[in-house]
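There are 4 protein chains.
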Amino acid sequence: MKVVFIGSGLQTRRRAPVVVQSPDDELVEIVGSEEAPPKGFIEQYGCAWGSDWRAAVTRADVDAVAVCTPPHLHAEMSIAALEAGKHVLCEKPLCRTLEEAEAMLAAARKAKRVLKCGFNHRHHPAVLEARRRFEQGDFGRPIAGRCRYGICGRPGYENEWRADPARAAGGQFAEQGVHAIDLFRWFLGDLAEVSCMTSIGYFHKQTLDDNGMALFRSADGALASLHSSLTHWKNLFSFEIMGEDGYFSIEGLGASYGTERLSVGKRDFSAPFQDHVIEYRGGDSSWQSEWREFKAAIAENREPLGGGADGLEAVRATLAAYNAEATGSVVQIRNFKP
Amino acid sequence: MKVVFIGSGLQTRRRAPVVVQSPDDELVEIVGSEEAPPKGFIEQYGCAWGSDWRAAVTRADVDAVAVCTPPHLHAEMSIAALEAGKHVLCEKPLCRTLEEAEAMLAAARKAKRVLKCGFNHRHHPAVLEARRRFEQGDFGRPIAGRCRYGICGRPGYENEWRADPARAAGGQFAEQGVHAIDLFRWFLGDLAEVSCMTSIGYFHKQTLDDNGMALFRSADGALASLHSSLTHWKNLFSFEIMGEDGYFSIEGLGASYGTERLSVGKRDFSAPFQDHVIEYRGGDSSWQSEWREFKAAIAENREPLGGGADGLEAVRATLAAYNAEATGSVVQIRNFKP
Amino acid sequence: MKVVFIGSGLQTRRRAPVVVQSPDDELVEIVGSEEAPPKGFIEQYGCAWGSDWRAAVTRADVDAVAVCTPPHLHAEMSIAALEAGKHVLCEKPLCRTLEEAEAMLAAARKAKRVLKCGFNHRHHPAVLEARRRFEQGDFGRPIAGRCRYGICGRPGYENEWRADPARAAGGQFAEQGVHAIDLFRWFLGDLAEVSCMTSIGYFHKQTLDDNGMALFRSADGALASLHSSLTHWKNLFSFEIMGEDGYFSIEGLGASYGTERLSVGKRDFSAPFQDHVIEYRGGDSSWQSEWREFKAAIAENREPLGGGADGLEAVRATLAAYNAEATGSVVQIRNFKP
Amino acid sequence: MKVVFIGSGLQTRRRAPVVVQSPDDELVEIVGSEEAPPKGFIEQYGCAWGSDWRAAVTRADVDAVAVCTPPHLHAEMSIAALEAGKHVLCEKPLCRTLEEAEAMLAAARKAKRVLKCGFNHRHHPAVLEARRRFEQGDFGRPIAGRCRYGICGRPGYENEWRADPARAAGGQFAEQGVHAIDLFRWFLGDLAEVSCMTSIGYFHKQTLDDNGMALFRSADGALASLHSSLTHWKNLFSFEIMGEDGYFSIEGLGASYGTERLSVGKRDFSAPFQDHVIEYRGGDSSWQSEWREFKAAIAENREPLGGGADGLEAVRATLAAYNAEATGSVVQIRNFKP
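Chains as they are written, first to last, in the numbering used here: chain R, 1 to 338; chain B, 1 to 338; chain F, 1 to 338; chain V, 1 to 338.
Simulated from the structure, these hints should not be mistaken for lab results. Please note that a few of the clues may not be correct.
Where chains are identical, the list cannot tell them apart; a pair therefore holds if satisfied intra-copy or between any two copies.
Said to hold, decoys possible - The calculated DSSO-like cross-link candidates involving lysine-lysine, where the alpha carbons are at most 27 Å apart (straight line), are: (1) Lys-205 - Lys-266; (2) Lys-2 - Lys-205; (3) Lys-112 - Lys-205; (4) Lys-2 - Lys-39; (5) Lys-110 - Lys-337; (6) Lys-110 - Lys-2; (7) Lys-39 - Lys-205; (8) Lys-112 - Lys-2; (9) Lys-2 - Lys-337; (10) Lys-39 - Lys-112.
With the sequences and hints as input, model every part of the structure.
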């Protein structure tokens with residue numbers, strides 16, 4: 001496939017090398033908002049630099065577009081690319097409103113193209129292995145889930161697009177928390193209701209939450225709690241599911257989150273506590289794995305893992321959570337329309 | 001001091017040896033609901049067995065009473081003991097209603113006696129050390145707290161008093177969660193609002209929640225999340241506070257929760273992640289430490305750590321949480337009256 | 001069984017409660033070197049105090065004797081007890097010389113009584129479970145073993161019997177290391193050769209080694225390394241065996257060594273690293289387990305796990321190690337006679 | 001600097017990117033033993049491919065040579081490069097004999113060029129931080145050290161140059177163990193004596209040891225134990241030093257060894273056990289750090305950390321260890337000449 005990237009930030013730096021190293025793909029152009037690329041930036045990818053994204057996504061030779069811009073641009077860019085007949089991998093959160101999400105899905109349906117949301121967490125090896133064991137029934141019906149997802153913010157955070165309500169899809173609750181919401185949906189099924197509290201605990205020079213907590217109840221009655229934090233002075237990713245028959249917990253995502261580790265155990269009222277622990281040492285392989293899934297979905301003409309519909313539902317749950325806080329109530333997610 | 005225990009269950013087995021080994025205390029009587037004590041039970045404590053708790057708490061030679069019965073009996077027994085001029089250490093939760101709690105506090109005030117609630121978690125060495133560092137400002141203003149408190153339930157759980165709504169103070173959310181609520185109050189100050197979701201995930205033969213999750217917001221704006229679970233197939237106690245300048249986390253309580261461990265760290269945007277880790281190996285010393293505090297409060301004629309008023313506020317927050325779930329809303333705790 | 005203990009130190013305090021709580025055993029007498037017992041000491045065991053060990057071990061009503069004195073007394077006391085027809089559980093190291101050891105074994109054979117050496121480490125649950133898996137072939141032929149066994153010494157250590165060459169069986173290398181030697185023998189089989197280096201690293205006011213390291217080669221060609229240290233400022237017990245097909249490692253012994261934990265894994269050249277981890281939380285159960293084995297061996301008229309012959313071989317390996325250091329050579333253990 | 005690499009194996013793949021990314025260095029040529037480079041190999045470095053190492057190391061425009069070939073070629077290549085006036089970074093072990101090592105050092109002295117041995121372990125951030133604390137006296141005089149260094153071998157290992165006595169510098173004991181020997185020398189000072197045992201535990205189709213254990217005594221009386229293993233089915237790097245006043249331990253090296261972690265603690269006879277733990281998450285930075293040191297030594301015209309003399313002494317200790325095993329004795333290292 002010939003691939004165009006829109007955006008020249010962190011996510012492009014993470015995702016573009018995967019395409020470069022993929023034997024049957026070619027990264028043909030990166031589009032940035034600057035007139036010229038940062039020094040040395042383009043050389044490492046061996047591709048062209050563009051500053052006109054509309055021109056890039058309508059290139060006749062291009063098969064797929066990776067949208068790695070801030071959220072306020074996701075819908076417009078993705079829809080243009082889909083309408084031009086390109087497959088789209090769009091960063092998470094899919095977009096900022098349900099209207100945008102629905103328009104994106106409609107465009108994908110109409111164009112018969114794959115729209116994937118950049119939920120790379122589904123593609124972490126510990127998550128994939130947990131899912132495999134989940135599907136074979138190792139944990140039984142899920143009872144509860146927890147996600148603690150925290151990162152140490154940075155001086156000058158208030159100047160980033162992430163701190164700009166005009167560009168971001170929400171505060172830290174939405175920004176990182178949407179991964180957890182997507183994973184909860186994957187393991188617990190439809191999320192039925194939510195309550196939420198957010199705060200600005202440290203980064204007072206901007207207006208978006210730097211901490212958000214939510215409780216969810218799934219349609220099947222499982223509970224889930226989420227804390228997404230930008231004031232977690234030691235980075236942490238911890239995702240846990242307990243079911244009737246067993247449980248798993250995942251800690252780490254590689255890199256600054258430490259070694260990725262899956263622990264699984266069984267309900268056993270008589271034996272000493274025991275876990276089977278799998279370590280995924282080395283770098284973060286989720287970007288490669290996600291790209292393979294994107295390509296497989298295209299080849300097989302099917303919905304990818306973490307596709308557009310999942311992106312839409314995660315946006316819905318996120319907006320419902322913010323609404324729950326605003327209204328001081330538990331909000332029903334399933335038919336939530338802001 | 002001469003001490004009477006009411007109750008012959010697990011908590012008496014934990015607390016009575018502390019009194020027996022205390023050089024200037026004497027355990028004079030254990031009162032049980034059975035006519036005769038279990039074989040060998042009384043011998044190890046070298047004390048009398050009684051079956052009339054009213055007689056025991058009014059013994060002229062007795063200084064203090066430990067109330068280790070199910071919650072529905074706490075108020076009546078504690079008030080009788082206080083009215084007889086005895087100091088009272090009453091198991092947590094202090095009682096089942098705010099009316100009961102207020103009557104207990106009034107009795108203590110009137111009798112000028114110490115009423116302590118059995119919040120032994122405040123007396124765990126990791127918690128005490130965290131508190132010491134908290135007071136000296138190591139963590140700065142608190143931003144968020146989390147408690148994950150889970151235990152593996154038992155076959156036959158539905159036949160225990162803990163599963164009986166007529167005797168227990170609530171489900172697992174109240175039973176274990178009240179410790180976390182008390183700790184949140186200690187570190188975050190007054191809790192202002194709460195939302196809550198509970199469920200029966202596994203122990204379906206009874207009607208009380210076996211899982212409960214809550215979110216709290218403190219009067220100072222800190223957030224806190226709690227999950228208390230009876231379906232945590234591997235026992236876990238984890239309590240974390242993050243502040244503007246640093247954080248701590250506590251894991252383990254000794255015994256079936258594993259080695260108690262305090263980790264503390266600082267906010268530092270440039271250094272590698274680092275923690276100072278203190279391990280409290282060996283047995284659970286909280287029972288001794290709590291007893292010493294009870295005695296010190298008596299000797300100094302002051303409120304103990306985790307006294308009656310703390311017990312009342314923890315009951316209030318617990319009831320507010322249940323009310324939040326019942327009403328599908330965020331409940332204001334501070335003036336909550338059911 | 002009616003049981004006599006000789007010695008009133010730490011090991012009696014650990015072992016005597018096991019006998020007291022054993023439903024079909026009775027602790028009838030503790031013999032100390034003092035005229036009268038320490039205040040309160042005897043009361044907790046509900047037994048008599050004696051100061052004549054010869055009289056005690058020949059009491060007609062006594063079935064078994066636990067020898068919990070310093071090593072220089074082990075042989076004389078054990079032999080007297082065996083000759084009086086008593087079963088003997090003698091603390092480790094079994095004794096100080098091979099001559100003593102052989103005399104003890106001869107006395108047991110002649111009297112047809114059980115002589116067990118106090119190798120309680122074989123009875124730790126993680127060790128027993130590792131052995132069970134070892135016997136069923138989970139690890140394959142052993143290739144190498146390691147033991148790191150360290151404890152933080154104490155001020156005033158130089159005044160203890162352990163620091164007195166006239167009473168101890170050697171320095172820290174012998175004192176704690178003999179447990180490792182016994183475990184190596186259990187898992188690796190006969191130890192064929194040894195080299196050794198010891199030192200006085202910190203406790204200079206006495207003359208026995210406070211650190212000792214040794215390398216062993218088993219008769220089957222496996223290697224093993226041991227470090228026994230009194231200057232391990234953080235207590236550690238770590239015992240590891242790797243075999244052709246898998247490995248196990250044990251960390252912790254409960255109490256001041258932290259939660260006892262067994263990790264097992266398989267050789268797998270293609271999968272991510274993974275361990276099955278079993279935690280034995282709570283107190284140290286080895287004393288109970290060892291006592292049950294002592295009684296079972298008596299009942300079944302057989303050699304116990306960690307019997308007199310094992311005690312002798314561990315003494316032989318220990319003496320061979322000291323000899324290796326003294327001679328600057330690798331010493332053949334199997335027929336070593338000092 | 002303009003830099004030539006000799007060798008096209010794993011170490012070049014690790015070290016060459018560092019030079020490519022170094023702003024003031026240029027990788028001009030990689031010399032391999034193959035006629036043509038592996039497909040795609042040279043493109044990523046943007047340099048020339050050569051097959052004549054003698055021509056390459058005498059290029060007039062070249063400043064430094066990295067020798068990343070099997071050990072049997074180190075001396076010849078390094079000496080040729082030094083004689084041509086190039087600075088040399090030579091992989092560990094420096095070479096295979098003391099004669100070779102002395103010739104290499106002589107060549108460096110004569111040419112007044114820097115000769116560095118590729119002891120990248122000194123440049124791991126945990127090691128550097130431990131050394132910093134060591135130098136400021138945090139641990140006091142060293143008492144003992146331990147290194148456990150193990151890796152899971154590979155099917156087909158017997159076909160690698162590492163399994164070929166004509167090319168390797170020894171078995172696994174030498175190959176990985178030499179890093180530990182160098183670190184022991186750095187922290188404990190001169191190593192005075194050694195005993196050693198090696199074995200072939202699993203890789204029987206070749207003749208070099210796959211496991212080696214050694215004991216060392218430093219000139220100052222500290223002890224050290226080393227186990228280097230190719231049958232460590234779960235990769236492990238653990239390096240520990242305990243001193244009179246404190247200790248440190250390092251686990252992990254990043255990548256397949258897991259997150260690199262430094263734990264430090266103090267001798268304290270009364271406090272609970274506590275460690276300060278620093279985690280170096282993310283990739284292995286030692287290659288960058290080592291390269292900076294190489295360049296700094298050149299710029300400052302001084303011996304680098306882990307220079308040629310250190311390489312020579314590590315070879316001496318390794319050969320002494322093998323000699324100790326061969327002679328069944330403790331060997332004096334300091335003046336050891338095979």
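Which of the stated hints cannot be reconciled with the structure, identified by number in ascending sequence? 2, 3, 7, 9 and 10
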